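For the sequence shown, full-length UniProt numbering gives the first residue as 1, with consecutive numbering after it.
Where hints are given, some of them may not hold.
What the hints assert, rightly or not - Listed next, the in silico DSSO-like pairs over lysine-lysine satisfying Cα-Cα at most 27 angstroms (straight line):
no.	residue 1	residue 2
1	Lys558	Lys338
2	Lys196	Lys158
3	Lys240	Lys288
4	Lys248	Lys311
5	Lys207	Lys87
6	Lys417	Lys196
7	Lys55	Lys145
8	Lys158	Lys126
9	Lys242	Lys158
10	Lys296	Lys55
11	Lys196	Lys240
12	Lys232	Lys248
13	Lys417	Lys87
14	Lys207	Lys288
15	Lys145	Lys242
16	Lys288	Lys248
17	Lys55	Lys99
18	Lys87	Lys242
19	Lys266	Lys242
20	Lys158	Lys148
Calculated from the structure, these hints are not laboratory results.
Values in this document were obtained by computation on a predicted structure and should not be read as measured data.
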Amino acid sequence: MKGRDLDMVRMLLGLSLSLCLAVGLWLPQVAAAVVDPVFSVTTSTNSLLQNQSLKVDIQGDSLDDLFAYELNLYYDESILQLDTSQKFTDLNGFVLPIKIVQDGGTHAQLVYTKTGSLTGLNGSTKLGTLTFRTVGSGTVDLTLKQVKISTSSLKEEKLLTPNAKATVLVDSRERPTLGSYPTPSTPAESNVVSVKPEQLQTSGAEKIAISLPTNAQQILLPSNTSELLSDKKLEIQAEKIKLELPAKVFTQLNNLVNEQERTDSKITLAIEPLTESTVGEGVLNQAKNQLGASVKLGSLIYNIKLYVTTKAGQTLSLTSFEQPIQIRFNLDSAANPKLSSVYYISDNGGLERIGGTYLSGELSSDISHFSKYTVLEVSKSFADVPSSHWAADVIQELASKLVISGTSEQTFEPESKVTRAQFTALMARALQLKTANSSTSFQDVQPSDWFAPEVASAVQAGIVNGRETDKFEPNSLVSREEMTAILMRSYRLLHGKTDPAAAPSFSDEAAIGQWVLADVKAATALGLVQGRSEGQFEPQGFATRAEAAQVLYRLLSK
């Protein structure tokens with residue numbers, strides 16, 4: 001039976017739809033007659049202004065055992081900007097993130113595979129929904145030019161060219177949305193604080209703290225702030241937010257100005273709370289749409305800027321910092337610290353989770369550029385993970401931090417098994433591993449695979465290996481001993497070498513591979529893993545999604 005499963009997985013890898021193979025499935029060998037579906041494209045409106053949102057639905061009719069599909073929707077990127085942060089479907093199955101492809105013309109590629117069923121989709125079903133924002137004007141066609149489909153037998157892939165189309169007219173006029181933010185007005189003189197040179201010359205301290213009065217929004221600093229600070233840090237303490245800036249940031253800022261003009265230049269640090277109700281509503285609406293969860297503000301929203309102004313009136317600002325700046329928010333007393341994170345808000349309203357560490361009522365994080373920031377409490381629940389489930393709190397917390405996600409909008413499938421690709425991706429995201437190249441030496445990991453960047457970064461970091469020199473076996477289930485090995489390599493990456501510690505012996509210790517026995521003992525001693533039954537580790541057992549979430553949580557909590 002295992003051999004037949006492996007053959008089926010290899011057949012799937014030969015299809016372009018293999019990007020979204022279901023995890024650990026027993027796939028049927030039932031042949032079915034395939035009837036070509038009928039596809040249509042509809043839009044929420046056919047006429048709109050610039051800077052507005054557009055919903056596009058792709059419908060499939062006359063479906064007959066549609067088990068997997070790849071949709072390619074073409075559009076004009078000079079007029080429409082696609083939001084790739086959202087899932088395009090809530091159908092139960094395995095869904096790849098939306099991919100923008102330039103080859104042959106800009107198009108969105110949507111890939112889906114059904115899971116946990118003997119048959120595919122039948123009848124009529126909405127296959128995908130995309131959200132665009134208008135960034136240009138003119139007439140734009142949204143055309144479904146190419147579709148690849150496969151039935152539940154998964155023996156062959158069919159290529160269709162439906163050329164289903166919807167046309168939209170975008171007017172050149174612009175209308176602001178909740179996601180766009182007004183430029184703050186110049187603060188009143190009472191809201192501007194001037195820092196004198198002598199305030200930056202305190203000796204014997206690692207950092208110099210400047211406390212701001214209530215309502216202060218701009219801090220004027222001497223042009224030679226970097227010299228005055230020397231190797232110290234400058235801490236700005238506002239009522240509900242603190243910033244800790246290394247002296248090198250001011251050196252980097254000064255380098256933007258010609259040496260002859262530096263003496264007469266002025267440095268401004270602006271910390272401006274955006275209190276307009278529409279701004280908060282816009283952030284929450286965007287967060288709910290983007291994250292698919294219940295969201296609350298955990299702090300004020302701040303627009304933070306650092307710039308230097310020359311005597312001639314030229315204003316220059318930094319786009320990124322060579323050394324990070326620490327930002328600390330006073331967390332709202334009603335916010336749950338375990339579900340709260342610092343978020344960066346882009347100029348078009350998009351959100352990026354930065355993270356954060358909670359201590360004594362403050363949520364702190366390092367940032368590499370200034371812009372708009374806030375704290376969001378994100379609460380994500382799943383219908384199949386009740387509050388009584390042993391891993392409910394762990395799953396909710398990791399989901400709020402975007403480390404894990406559900407198999408659909410409403411389900412998590414806690415007892416489903418985890419593949420090597422999935423567990424590697426989880427660990428890479430949790431450790432925030434990065435790589436500029438998705439290529440690996442493994443024949444079964446292609447750069448286009450959804451897990452390729454995570455596998456590449458994890459291999460480069462030394463936390464995972466292939467099962468063979470040229471084979472990673474991404475779709476094979478991860479065993480408990482493999483999971484433990486990856487876990488301990490990740491632990492050492494975070495904390496260095498582990499000291500030997502007393503660990504309980506397992507009655508099935510002889511079944512644990514010698515290559516991983518030391519890691520199993522160390523992980524058990526650290527409390528990262530546990531046996532499944534009294535006295536047994538079950539090294540060849542397969543990890544479930546709930547177990548993977550639990551060990552990941554323990555690692556991140558150390």
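Outcome of the hint check:
The straight-line distance between the Cα atoms of lysine 558 and lysine 338 is roughly 15 angstroms, inside the 27 angstroms bound, and the hint therefore holds. At most 27 angstroms may separate the alpha-carbon atoms for a hinted pair to count; lysine 196 and lysine 158 exceed this at roughly 72 angstroms. In summary, the hint linking lysine 240 to lysine 288 is supported, as the alpha carbons are separated by about 25 angstroms, within the 27 angstroms threshold. Restraint check: the Cα-Cα separation between lysine 248 and lysine 311 comes to about 23 angstroms, which is no more than 27 angstroms; the hinted pair holds.
Our distance criterion of 27 angstroms between C-alpha atoms is broken by lysine 207 and lysine 87, whose separation comes to about 45 angstroms. Restraint check for lysine 417 and lysine 196: the C-alpha separation of about 62 angstroms exceeds 27 angstroms, so the hint is violated. Only pairs whose Cα atoms come within 27 angstroms are accepted, and lysine 55 paired with lysine 145 is accepted, the gap being roughly 18 angstroms. Note on lysine 158 and lysine 126: the hinted pairing holds, with a Cα-Cα distance of about 20 angstroms set against a maximum of 27 angstroms.
For the hint linking lysine 242 to lysine 158, the alpha-carbon distance of about 58 angstroms lies beyond 27 angstroms, and the restraint is violated. Distance restraint check for lysine 296 and lysine 55: the Cα-Cα separation of roughly 25 angstroms lies within the 27 angstroms cut-off, and the hinted pair is therefore satisfied. As the CA atoms of lysine 196 and lysine 240 are separated by approximately 23 angstroms, the hinted pair is consistent with the 27 angstroms bound. The straight-line distance between the Cα atoms of lysine 232 and lysine 248 is roughly 9 angstroms, inside the 27 angstroms bound, and the hint therefore holds.
Note on lysine 417 and lysine 87: the hinted pairing holds, with a Cα-Cα distance of about 22 angstroms set against a maximum of 27 angstroms. For a cut-off of 27 angstroms, the pair hint linking lysine 207 to lysine 288 is broken: about 39 angstroms separates their Cα positions. A C-alpha spacing of about 52 angstroms is found between lysine 145 and lysine 242, which places the hinted pair above 27 angstroms, so the restraint is violated. The hinted pair formed by lysine 288 and lysine 248 fails the criterion: a straight-line CA distance of about 38 angstroms is larger than 27 angstroms.
A hinted pair counts as satisfied when its Cα atoms are at most 27 angstroms apart, and lysine 55 with lysine 99 qualifies at roughly 17 angstroms. With a C-alpha separation of about 35 angstroms, the suggested pairing of lysine 87 with lysine 242 is violated against the 27 angstroms cut-off. Among the hinted pairs, lysine 266 with lysine 242 is consistent with the structure: their alpha-carbon atoms are about 22 angstroms apart, no more than 27 angstroms. The suggested pairing of lysine 158 with lysine 148 holds, with an alpha-carbon distance near 6 angstroms, which does not exceed 27 angstroms.
When each numbered hint is compared with the structure, violations occur for hints 2, 5, 6, 9, 14, 15, 16, 18.
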